[in-house]
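A.B. asks: Heads up: the sequence lines are chains A and B, in that order. Just add 37 to wherever you are in the first sequence, counting from 1, and you've got my numbering. Just add 3 to wherever you are in the second sequence, counting from 1, and you've got my numbering.
Please keep in mind that the hints were generated in silico from the structure rather than gathered at the bench. Each hint should be verified, as a subset may be incorrect.
Within a straight-line C-alpha distance of at most 25 Å, the following computed SDA-like cross-link-like pairs (lysine to any residue) qualify [claimed, not checked]:
(1) B:K112 <-> A:D89
(2) A:K157 <-> B:P109
(3) A:K157 <-> A:K278
(4) A:K221 <-> B:L271
(5) A:K278 <-> B:M122
(6) B:K65 <-> B:I33
(7) A:K345 <-> A:L271
(8) B:K142 <-> A:D89
(9) B:K225 <-> B:D76
(10) B:K142 <-> A:K278
(11) B:K79 <-> B:G181
Just so we're clear, the structure is a prediction, and the values are computed from it rather than from any experiment.
What follows is each chain in one-letter form.
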Amino acid sequence: MLKQLSRQNAAGRKRKDRGQALGLFLMALPMMIVVTIFSYIPMGGLIVAFKDYSYSDGLLKSPFSDPFWKNFEFLFKSPDTFRIIRNTLGYNLAFIALTLVISVAIALMLNEIRSRKALKVYQTTMFFPYFLSWVVVSYIVYAFLNPRLGYLNAIAARTGGETLDWYNTPEAWIFIIIFLQIWKTVGMNVLMYYASLMSIDSSYYEAAAIEGATRLQMIRRITLPFLYPMMIILTILAVGKIMNSDFGLFYQVPMDSKTLYPTTDVLETYVYRALIQSGNIGMSSAAGFLKSVVGFILVLFTNKVVKKINPDYALY
Amino acid sequence: MITNKRHERVVSILLNAFFILLSAVFIIPILSVVFISFTSEASISQNGYPFFFREFNLNAFKYIFDNPKTIVDAYKVTILISFGGTFLYLLLATMAAYVISRPDFPYRKHITFFFFFTMLFNGGLVPTYILMSQTLHLKNTYAAMIIPLLVNVWYLIMLKTFMADIPNEIIESARIDGAGHGTIYLRFILPLSKPALATIGLLTLLDYWNSWQPAMLYIDEKEMYPLQYMLQVMLRNIMEILKEMQNNISLGGMENLPSESARMAMCLLAVGPMLFIFPFFQKYFTRGLTVGAVKG
Chain A
38 MLKQLSRQNA AGRKRKDRGQ ALGLFLMALP MMIVVTIFSY IPMGGLIVAF KDYSYSDGLL
98 KSPFSDPFWK NFEFLFKSPD TFRIIRNTLG YNLAFIALTL VISVAIALML NEIRSRKALK
158 VYQTTMFFPY FLSWVVVSYI VYAFLNPRLG YLNAIAARTG GETLDWYNTP EAWIFIIIFL
218 QIWKTVGMNV LMYYASLMSI DSSYYEAAAI EGATRLQMIR RITLPFLYPM MIILTILAVG
278 KIMNSDFGLF YQVPMDSKTL YPTTDVLETY VYRALIQSGN IGMSSAAGFL KSVVGFILVL
338 FTNKVVKKIN PDYALY
Chain B
4 MITNKRHERV VSILLNAFFI LLSAVFIIPI LSVVFISFTS EASISQNGYP FFFREFNLNA
64 FKYIFDNPKT IVDAYKVTIL ISFGGTFLYL LLATMAAYVI SRPDFPYRKH ITFFFFFTML
124 FNGGLVPTYI LMSQTLHLKN TYAAMIIPLL VNVWYLIMLK TFMADIPNEI IESARIDGAG
184 HGTIYLRFIL PLSKPALATI GLLTLLDYWN SWQPAMLYID EKEMYPLQYM LQVMLRNIME
244 ILKEMQNNIS LGGMENLPSE SARMAMCLLA VGPMLFIFPF FQKYFTRGLT VGAVKG
């Protein structure tokens, strides 16, 4: 009797659990539907890179191109392709290296500031550009680079330096773009590094002080090692996104100036221009396909490498 | 010992000097926009952009608010997509995050992976553009500006990490009292996740406020331009907008129009509301920052 009762109970609970699971599933469903439609369906849509797409036929009815790699053949024959890939990879590598070194250095220095008030002020000002859109940044840049009225040329004229037509000087943009990327994102990165320093127990420093360690030794032996996990995580994420670029930085800030393409054209802007401005869906989709697939492989690869070094730091 | 103290003071002064200089690099460019927007147009075209307030006046702002249609429309659109989008995202994302944060939910790992995978791989611009414009016909709709930011899985995972720290006993005891998942979510999970909701809510709001690419891709009608996109168009095509404004109310000769300062004033007005959010952001941000691994 008792046994039967408990069995009934168990069955009831099981049914209830299944009901609970269904209820939970239904709560996640709306987000899953959104992600299915707007993230998963476009993944399947990558097949467009192998088709002769026409707007009237739509994606499914458009015929496959013959041979199926035709769009890629055009892409690799185009003289722009080398330049775009060079720029994309080159800038991203520069961003990764400089962001890492500069953010860590600033976080370490911030950690030495004793006044809480000053600390807050410095952090806030550095973080501020993160709040601005690239459109707003492009206005600020324009105030500096406007050839007739801008600050840089005004300073150059006053000090007897050379005034430049900035929006037609591609070489200058290598520095401008790197500077702006660091300027806009360093505050956020410093914040993340600094947050991971908060967890250091002060007893480490006290012990080191008793042993007679200098401030610099403490930074090298105690503070810096606490930053390693964050350094690795942020760097893997950045390497995984090495085929991506910030569209606003490369398109809007140089004002889509054609003479600047040699140093500002990257995959992201190329795909956009080929799609919208020249309507060349074949080239655009082939470049986009490369970007997605190579990016995916790079994420998997970097994660694997990190897993081998230290499984705790791996992304998944 | 004394030399040590003096040494420390010197280091501290040098460090602070360094940070003050560094702060200037971050602040001066932003201040320049302020200086330009408060300077008379004549002074700008004569002497270039001002390094400080020079011939201070409000003509640029007066000019914008004399013909407010353009900016009022843009504000309306931006406010609608920012707040509407943020609300919708928080609703969808917190429900999903709650589900995948429950250790007793059997399909937790599968659904987490389903979301996470989209962070590793995506279709990119071309298929998305075809889907949005050709298949779903979303051109010139507000949905076209809201949807692209709804699929943000990064914030979803931040929410999940936060919710996973809510003690399971709370949920268990609520369930024993007969509460369903909907009730638990509304009465316990949401109130307990306030710091995370504030952080993610502010981040999402900022993302929507600053977004202009969806408008560039999908919006052709001028009345539907959000602030940021209006600014983008304006910087590249100032004369066209000025003519537009002039058609609404005639203001006399084009040469009197404060084009340089008005442009910067417009920029300042677009940033403005976010300045009020900034202090809140700082308050919640460091607390809600921890992003855990996806595994587990």
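A.B. asks: Now look at each hint and say whether the structure bears it out.
C.D. replies: Hints versus structure:
1. B:K112 <-> A:D89: Between K112 of chain B and D89 of chain A the Cα gap is close to 39 Å, so the pair fails against 25 Å, i.e. violated.
2. A:K157 <-> B:P109: Not satisfied, since the Cα-Cα distance of roughly 44 Å exceeds 25 Å.
3. A:K157 <-> A:K278: violated, 31 Å
4. A:K221 <-> B:L271: holds, 17 Å
5. A:K278 <-> B:M122: Distance ~10 Å between K278 of chain A and M122 of chain B Cα, so the pair holds.
6. B:K65 <-> B:I33: holds, 21 Å
7. A:K345 <-> A:L271: Distance ~17 Å between K345 of chain A and L271 of chain A Cα, so the pair holds.
8. B:K142 <-> A:D89: Measuring from Cα to Cα gives roughly 23 Å; hence the hint holds.
9. B:K225 <-> B:D76: holds, 9 Å
10. B:K142 <-> A:K278: Not OK: K142 of chain B and K278 of chain A at ~29 Å, beyond 25 Å, violated.
11. B:K79 <-> B:G181: violated, 44 Å
When held up to the earlier numbered hints, the structure conflicts with 1, 2, 3, 10, 11 and fits the remainder.
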